[in-house]
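Q: Sequence:
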Amino acid sequence: WQCDFTTVPLSDWIPRQGAPTVRQALEKLTEEVNGFIGRRYSEAYEEAQLAVRMVDWLVASGGCDSIRPSKSAAILGSEGLWKATERRLLKAWGEILGDET
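Per the numbering used here, the sequence shown runs over residues 5 to 105.
Misleading hints may appear alongside valid ones.
Simulated restraints on C-beta separations [what the hints assert, rightly or not]: (1) Gly84 <-> Met58: 34 to 40 Å; (2) Ser82 <-> Val59: 45 to 51 Å; (3) Arg27 <-> Ser70: 25 to 31 Å; (4) Gly22 <-> Ser70: 24 to 30 Å; (5) Pro24 <-> Ser82: 31 to 37 Å; (6) Trp61 <-> Thr25: 21 to 27 Å; (7) Asp8 <-> Val59: 16 to 22 Å; (8) Val59 <-> Arg27: 40 to 46 Å; (9) Val59 <-> Leu85: 17 to 23 Å; (10) Leu14 <-> Gly98: 17 to 23 Å.
To be clear, the hints were calculated from the coordinates, so they are not data collected in a lab. We treat Cβ as the ideally placed atom computed from N, Cα and C, and that holds for glycine.
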């Protein structure tokens, strides 16, 4: 993992600096680094929230069986099944996912 978005960013960032003391790690913290850390953790948290909401939607719309590994492998292994699933996902989530998908 590049970061643990489930915790306060600095409490995750400090040990990753490899400095012998917290003070020495904090000496590396500039405004630029702090801004980068905040953006990175915010984006990671947003992606995780979206993933959780998508899994909730998949289970609500197709039941738990729809996300079992064998079912997922079949969908990912078949272009036709994947296209159908992709259309379903884009219909429900396209506005949030944007044109990049």
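Q: Could you tell me which of the hints above the structure violates, numbers in ascending order?
A: 1, 2, 3, 4, 5, 6 and 10
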